[in-house]
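Enquirer: In full-length UniProt numbering, the protein residues as written are 1 to 1003.
Source of the hints: derived by calculation from the structure; they are not laboratory data. Treat the hints with care, since some could be wrong.
Listed next, the in silico DSSO-like pairs over lysine-lysine satisfying Cα-Cα at most 30 Å (straight line) [as the list claims (entries may be wrong)]: (1) Lys-374 x Lys-467; (2) Lys-535 x Lys-567; (3) Lys-535 x Lys-558; (4) Lys-127 x Lys-558; (5) Lys-535 x Lys-127; (6) Lys-962 x Lys-951; (7) Lys-586 x Lys-467; (8) Lys-726 x Lys-962; (9) Lys-606 x Lys-586; (10) Lys-127 x Lys-467; (11) Lys-127 x Lys-606.
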Amino acid sequence: MRLLNVSTLELYDFTGDDVPPYAALSHIWANGEVSYHDIINGDAPLKIGFRKIQHACRQAIKDNLDWTWIDTCCVDRTSSAETTEAINSMYQYFRQAAWCYVFLADVFTVDDALSEEDRYHQLRRSKWFTRGWTLQELIAPPRTLFFDNAWNLLGSKGCPEFDVLLSEISGVPASCIEGLRSPLEFNVATRMSWASQRRCARKEDEAYCLLGLFDINLPLIYGEGGRAFVRLQEEILRTTSDQSLFMWTVDEGNPRCWKSSSVFAESPEDFRIIGRKSHILREPSTPATVTQLGLSISLPVAPVSGRDAIYGHPDEPAGPFYEAYLNCEDDLGGVAKIYLRPVEGGNEWQRPNSFHRIATPFQHYGIPSEYDAKDIFIKTRLGFRLHNAPTSTSTIETPHSFSSLEISPPIATAQGEELKPRIFHDMNVIQNTYSAMTIESLEDILYEWQVESLVGRSFIPEGVLEKILDRETIKHICGTLMPVSQASASLVDRVMSSSQKIFVVLILSGLSQFTSFVIDSIGLTDEHLPMPDPKLIHSKSPPGYLKEQDSHSWSQWKIVTETFARKSYSQRFFEAQWQVLAPVFKTKHLVSHLNLTANHILPYLKQHLGQSATVGAEDDQVRNGSFSDIRKVVIHPNHYSFGDYGLGKNTNNVFAVKRLHAVDRMQFELEREALTQFREGRPRHIVQLLATYEVRTGGGNDLFADYYMIFPWADGTLRSFWGSQKAHVGDVAIIPWLLRQCLELAKALELIHEGRSGFPHESSEIEPVPRYGRHGDVKPTNILWFPNNEASETNDLGSLVLGDFGLARFHRRDSRSNLTSTDIPRSMTYSAPEFSTQGRISRSVDIWALGCVFLEFITWFLEGEQAVTETFPDLRCSRDSYGFISDTFFEVFEKGKGTEKYPTARLKPRVQDWIERLHRGSTQYWYIHKFLALTLRMLDTDPLTRIRASKVAFEMEDLHRKCLRDMISFPTRSSRASKLIEPVGHKTSSILRNVLRRSMFGP
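Generate the whole structure from the sequences, applying the supplied hints.
Expert: Printed below as a string of structure tokens:
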């Protein structure tokens, strides 16, 4: 046994009694797991799965343990012998663990506002309870702790209330979970039923994950498919005479029902209905054995009379049927029996996929005396349609209808891996014929194509269904659901043209028997998705918030749920549909908006560690602001189409998703409208809104919504640029770039201030009304930095883009400057003087804020980051008129006498001193000095005389043009540098002093 040291993260081998106390980790495998070789090679910290290993080790240290066993890294899976030993020993590994830590990656309970009921609801929905391998990990360990995604403790085995909850979720009796009863004390059918609703990624693992529950060993043969589960049942028969092994059945709505089959079940799912409460009545006199002719067993056999004698599968001859009595009762207390059909030419029998019981209890009436037990042979191998035992080790042949999967371009994930289905690599033989394709195999393929989202839920990417489903495949699948004569061309046409997602959801939810009714009879198409919550769908009338066309869909879904009859069927469909409904964000000319529910699976993928290679980039996944938070996400490439948004090709599929804080729909629409103004023309220096969506929560008519916006992801902001580009402080080579970026920011404000036409409907003849806007929150953290990683010159540092229009407002001409300063939100540091002097608020507040940013930009260029972030802010801190410490650039004082006093503003003396300091420091940089003079005109404390955005842009463009002219006139680096640092003349210095004097004494 190999264990991981929790302190050094080194692996050691132990044998026999030398194994020390250890903790075992139970979890669901995901992308980026740490392997044995990752630990050996030192690559473990680079993997996504390293985080849970760290937490497991920390918890082990808290529990005074030095060792842990984790299946991903403690087993060398490149060794078939080691893998076989580990799988056969896994139950004992967990049984012998001092502690077992169950990590539930899809359970989030950090919100203190969640009630206990909400927490338990999240626990119930965890995928951990749906996986085959985790069943033995629930039962085997004597002591278990359950943790959520953040490694908060949820509960532990041994707590009676928590054990009852685990029992309700898993179907395993609490006495078995608590360790009061061994699983071997329960009959075979009962143990099988515990696994009946659990899934495994590989067909063979449906058998291998149950070895410990039956205390048997099997050689592992990956590639044999369903034959593995038959071998498991054959091995069980060698260790027990428990005939409940045959108490499996198939739903009457399932196409397998009444079709001739092996005496053995095809999967644990066949025990879902019967096994939970079955029990053995007595031990048989003769144990059953497996022979070449089939299962040799002694059972009472009687002919079936009445209706059941002729009932059977439409594709097979009807009757005669016999019934064989087992030594078991079913859950209703009736004696269990199975149907048999004789095979001509001997004492051999076949079993249809059905199970029956005697309604009267055995102890009252018993088995008719004339039917004594007789020795019979029941066939065990009729052939497995997809998962036959391998007949060769030749190259896999894929069915023609699926050949496109292997030759089509793979879909890339954020990790750079290909999203190819693994199913064909797991099998050695697949016949090149449609008869080999079954609903089960198609379900496996759909499962293999699923992609795990950021929150742990899986979805099938857009476009995959078109690759998987062609006409012949659909026709064949429909033919397995009904006689071929009834598999009408219209049904196939409907599925192909408009109902592929409905078709797939029916398969994924195990309701394929309703395909013809739902698609052909009712006429549901993919446009009708999603199905409303079944808990609400039986309301007398649709909720008032539904549109008229949705009300019609509501009535159709109501018919569907009534046809399903069972509430569990409706719930299964409801939960399965989200796998095919991951939204696709598309924007061309107009910004698209999607209305989603909390059940939708967003196509955001888990990020790859080390994805950002930009030096100094902000790698944090969430940036929190006063009015919103912005999250970095990787969107699946099949789930967005934004066209050219002016920032080059997005090779990493990385975007920013902004969630607005505490807003109603009107606030959201205002910001959306502000950003939509600039979609046409796609100005490079105004951030492009790519798409928006809202997520509705609540039920009935009480709906609430969270609002989201999607933008290009910037590696940083102007603030982080200053911190990361220390090498360019004072570098004359970047002066043209610096002037160009500030020019574009000024143009961006000009575009906002001077009006932008709306977008009328194509058929409208009415001229759009000009809209005049105000950004309202210009500051370094709202200026985004997009580095140019492909630039050939080192002085091209990327693009600065004006973003975050959360406080932007747009007005018509008659109201563009007629707002008061009260109740208008803003960032205090860069707020204009008129906010404090109770003046009218106009677009000029943006000019003041941009002037403050330009002053800080010049400070960075001349003196570096520390001067911007520490020295200058500390110098300008002083108490404002209310007595609070403020780092604004101005101060308010009273002017006039007596009752005629009024508040006015001026630059703070220390800000004036700082500008003088920059003036002295910039005398050797002619263009920077001119830029500083323009900046001072932007910091005019009188909004009426403050320079306009158009004038700023005009003068910046002139300054930048002259700078470029000198770059061309002086091509060598030395001559160019000498021109760029030409001493400032007397005239320029006097202009600067005059502007500064006016700012010192106020208007």
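Enquirer: Against each hint, give a clear statement of whether it holds in the structure.
Expert: How the hints compare with the structure:
1. Lys-374 x Lys-467: violated (53 Å)
2. Lys-535 x Lys-567: Roughly 9 Å between the alpha carbons, so the hint for Lys-535 and Lys-567 holds.
3. Lys-535 x Lys-558: holds (11 Å)
4. Lys-127 x Lys-558: holds (29 Å)
5. Lys-535 x Lys-127: holds (22 Å)
6. Lys-962 x Lys-951: holds (17 Å)
7. Lys-586 x Lys-467: holds (21 Å)
8. Lys-726 x Lys-962: holds (26 Å)
9. Lys-606 x Lys-586: Roughly 21 Å between the alpha carbons, so the hint for Lys-606 and Lys-586 holds.
10. Lys-127 x Lys-467: holds (27 Å)
11. Lys-127 x Lys-606: holds (17 Å)
Hint 1 alone, counting from the list given before, is not met by this structure.
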